[in-house]
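Those sequence lines, one after another, are chains A and B.
Numbers 1 to 191, taken from my numbering, label the letters of the first sequence in order.
Numbers 1 to 303, taken from my numbering, label the letters of the second sequence in order.
The reader is advised that the hints may include incorrect statements.
Cross-link-like lysine-lysine pairs, in silico, DSS-like; alpha carbons within 30 Å at most [as the list claims (entries may be wrong)]:
| id | chain 1 | residue 1 | chain 2 | residue 2 |
| --- | --- | --- | --- | --- |
| 1 | B | K264 | A | K61 |
| 2 | B | K287 | A | K122 |
| 3 | A | K126 | B | K195 |
| 4 | B | K41 | A | K60 |
| 5 | A | K61 | B | K170 |
| 6 | B | K207 | A | K17 |
| 7 | B | K259 | A | K53 |
| 8 | B | K253 | A | K75 |
| 9 | B | K223 | A | K60 |
| 10 | B | K202 | A | K126 |
| 11 | B | K80 | A | K129 |
| 12 | A | K81 | B | K264 |
| 13 | B | K207 | A | K121 |
| 14 | B | K207 | A | K126 |
| 15 | B | K202 | A | K112 |
| 16 | B | K195 | A | K112 |
| 17 | A | K53 | B | K187 |
| 18 | A | K53 | B | K246 |
| 19 | B | K212 | B | K223 |
| 20 | B | K277 | B | K253 |
| 21 | A | K17 | B | K264 |
| 22 | A | K112 | B | K187 |
| 23 | A | K129 | B | K170 |
| 24 | A | K6 | A | K17 |
| 25 | B | K253 | B | K264 |
| 26 | A | K75 | B | K259 |
| 27 | B | K202 | A | K6 |
| 28 | B | K207 | A | K122 |
| 29 | A | K112 | B | K246 |
| 30 | B | K212 | B | K41 |
| 31 | B | K41 | A | K122 |
Distance ranges between label pairs, derived from CB positions [said to hold, decoys possible]:
| id | chain 1 | residue 1 | chain 2 | residue 2 | range |
| --- | --- | --- | --- | --- | --- |
| 32 | A | P24 | B | P219 | 43 to 49 Å |
| 33 | A | V188 | B | Y176 | 22 to 28 Å |
| 34 | A | I106 | B | D87 | 31 to 37 Å |
Derived list of chain A stretches under chain B, where covered just means 3 residues or more per stretch with a C-beta under 8 Å from a C-beta of chain B [as the list claims (entries may be wrong)]:
| id | region |
| --- | --- |
| 35 | 67–78 |
| 36 | 149–160 |
| 37 | 163–172 |
Worth flagging that the hints you see were computed from the coordinates, not collected in a lab.
C-beta: ideal position from N, C-alpha, C; glycine also.
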Amino acid sequence: MSGAAKRVATSSINWAKLGERLIPEHAGELSRIKGVSGTFQSAVSQLPADLPKVDFAALKKELPAHAAVLDSLQKQFESIKIPYGEIPAEYAKEIEQWTEYNNARIKLHELKVADGLTEAKKVEEKWAKAPPVEHFDRQHFAEYFPSHFYDLRYENRIPDPCNIGLNETPEIEARFKDYKVLRRADKVDDH
Amino acid sequence: MSLSRFLCPSNIRAVVPVRLAHASNVPSAVSTDDQPNYFQKIAYRFKGIPLKGETEAPKSMFDAVGKEWSAPEPLPAIPKDFKEHPDRDLTNYPYPARPMYPPKTRLLMMPDSWFTAFQKVTGVSGPYLFFGGLFAFLVNKELWVYEEQGHMTVGWILFYLLVSRSAGYKVDSWLYGEYQNRMNYFKGLIAEDLKDAVEFRKTSAEKTESLKAVRESIPTALKESMQLQLEASYRKNIENISTELKRRLDYLKETEAAKARFEKEQLMKLISSAVDKEIHQASFKEKYLANAIQQLQGLNVKA
Numbered sequence: 001m002s003g004a005a006k007r008v009a010t011s012s013i014n015w016a017k018l019g020e021r022l023i024p025e026h027a028g029e030l031s032r033i034k035g036v037s038g039t040f041q042s043a044v045s046q047l048p049a050d051l052p053k054v055d056f057a058a059l060k061k062e063l064p065a066h067a068a069v070l071d072s073l074q075k076q077f078e079s080i081k082i083p084y085g086e087i088p089a090e091y092a093k094e095i096e097q098w099t100e101y102n103n104a105r106i107k108l109h110e111l112k113v114a115d116g117l118t119e120a121k122k123v124e125e126k127w128a129k130a131p132p133v134e135h136f137d138r139q140h141f142a143e144y145f146p147s148h149f150y151d152l153r154y155e156n157r158i159p160d161p162c163n164i165g166l167n168e169t170p171e172i173e174a175r176f177k178d179y180k181v182l183r184r185a186d187k188v189d190d191h
Numbered sequence: 001m002s003l004s005r006f007l008c009p010s011n012i013r014a015v016v017p018v019r020l021a022h023a024s025n026v027p028s029a030v031s032t033d034d035q036p037n038y039f040q041k042i043a044y045r046f047k048g049i050p051l052k053g054e055t056e057a058p059k060s061m062f063d064a065v066g067k068e069w070s071a072p073e074p075l076p077a078i079p080k081d082f083k084e085h086p087d088r089d090l091t092n093y094p095y096p097a098r099p100m101y102p103p104k105t106r107l108l109m110m111p112d113s114w115f116t117a118f119q120k121v122t123g124v125s126g127p128y129l130f131f132g133g134l135f136a137f138l139v140n141k142e143l144w145v146y147e148e149q150g151h152m153t154v155g156w157i158l159f160y161l162l163v164s165r166s167a168g169y170k171v172d173s174w175l176y177g178e179y180q181n182r183m184n185y186f187k188g189l190i191a192e193d194l195k196d197a198v199e200f201r202k203t204s205a206e207k208t209e210s211l212k213a214v215r216e217s218i219p220t221a222l223k224e225s226m227q228l229q230l231e232a233s234y235r236k237n238i239e240n241i242s243t244e245l246k247r248r249l250d251y252l253k254e255t256e257a258a259k260a261r262f263e264k265e266q267l268m269k270l271i272s273s274a275v276d277k278e279i280h281q282a283s284f285k286e287k288y289l290a291n292a293i294q295q296l297q298g299l300n301v302k303a
């Protein structure tokens, strides 16, 4: 009566353990599946697993007047077959598609990690090669902290030791690009 | 007239004249440590000794005088194989590491290296004789002519000695603190730069683990969820059949019970109606009443 398909009465997933392993991004996916699974799980646990066993012989003795009815009932009851049903193929296919998507996602993540690790390694190597900051040369400061120090030997900028923002706008550089240009164009320097 | 007379009139023995105040540090025969006099109290203040009943030692402005500053911890050493470029010749041109302390000097400001170079040839006193002789020669031949304000140098040297010995320790401590703050700022910048790398390693490892768990569990969970759904509907059908069967059997049992009950009722009705009929007949009354009276007469009642 239980059918040929394998019956599943409880989920084999350890949700708590799985939840610990997942990051918040994937925990949402988990909680959705867990919710659906939990609904069916509770329905399964509330309902009876198999048909009850009825002692028709005893009943016939008890109710001899209804023996014929009981006979017919017994026949009907014994001949009854409850279909178990099976998972539709398209749903199983959807799971396969999801697995493919997940594999692609993992591959992308691995590529990202490989790239990121190269970058991280570069940064770590840079600082591993650097001397202790107490022994930095003045050239090292410009080399290792370019956003805090500048090297006027190759950087095209105006010295701004008090950091008043002389290099933030191009006007000053444009004004002093050619020293021969006068402050006022109409004032001719002819003496 | 002594000031102490106004201060502690009861203690006549502790009379110290003002002009002898400097001598009051020496415990006098007339005062004890339990009861220091006014000037002794001042001396204790300068020395940083707490008075009786004071829990903390007084903070003296002369605490740091004459103290020599030294760094709590030395600067970190440069790795031996550190090279800015693979071509650097570390043997002949080692990396110029920052020294923790200034190089050694003699006679306040003369580099020690000037003396040691001579010392190898002329002995310990040689360099002094050489420099002294050279200086004397230059002065003698008026090659070195003193400027008219030149004697002020002596004053400046004295001033330097005074300041360096009194405030030197505090100045050095403050400068070291500021230097440490500056270095910590740069170390913070480095840590911030490295933090991204560390964070990336951590988060990427977590995500890899999470994706692995997802790959292992989610397809199974989805399949099991559908199987549970099948099981639930199957069990629902079982429950329907069970209730229907029970309903039918209950009906049969109930009809059987009703039939039995009806039969019983009918039988009872038949009996009671027959009995009633019998009772209401006149002959019944006479027959049974006479019989009963006879029986009562036959009773031998003893009071």
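### Query
Are the Cα atoms of K41(B) and K60(A) separated by 30 Å or less?
violated (120 Å)
### Query
Taking 30 Å as the top limit, are the C-alpha atoms of K195(B) and K112(A) close enough?
holds (18 Å)
### Query
Are three or more residues of the region 67–78 of chain A within 8 Å, CB to CB, of chain B?
Since three or more residues must qualify, the claim that chain B covers the region 67–78 of chain A holds, with 4 doing so at under 8 Å.
### Query
Given a hinted range of 22 to 28 Å, is it respected by the beta-carbon distance of V188(A) and Y176(B)?
Violated, since V188(A) and Y176(B) (Cβ atoms, about 59 Å apart) do not stay within the stated range.
#### Entry: Hinted pair K253(B) and K264(B), Cα distance within 30 Å
holds (17 Å)
### Message
Against the 30 Å threshold, does the CA-CA distance of K126(A) and K195(B) hold or violate the hint?
### Response
Given pair K126(A), K195(B) holds - Cα atoms ~14 Å apart, limit 30 Å.
### Query
Is the straight-line distance between the alpha-carbon of K6(A) and that of K17(A) 30 Å or less?
holds (25 Å)
### Task
Determine whether the Cβ-Cβ distance between P24(A) and P219(B) falls within the hinted range of 43 to 49 Å.
Given about 21 Å between the Cβ atoms, the range is violated.
### Pair hint K202(B) and K6(A), alpha-carbon separation not exceeding 30 Å
Violated, at roughly 41 Å.
### Task
Quickly compare the C-alpha distance for K253(B) and K75(A) to 30 Å and report which way the hint goes.
The hint holds at about 19 Å.
### Query
Are the Cα atoms of K207(B) and K121(A) separated by 30 Å or less?
holds (19 Å)
### Task
Starting from K202(B), check that the Cα of K112(A) is at most 30 Å away, please.
holds (14 Å)
Comparing the model with each numbered hint stated earlier shows that hints 2, 4, 5, 9, 12, 17, 20, 21, 23, 27, 29, 30, 31, 32, 33, 34, 36, 37 do not hold.
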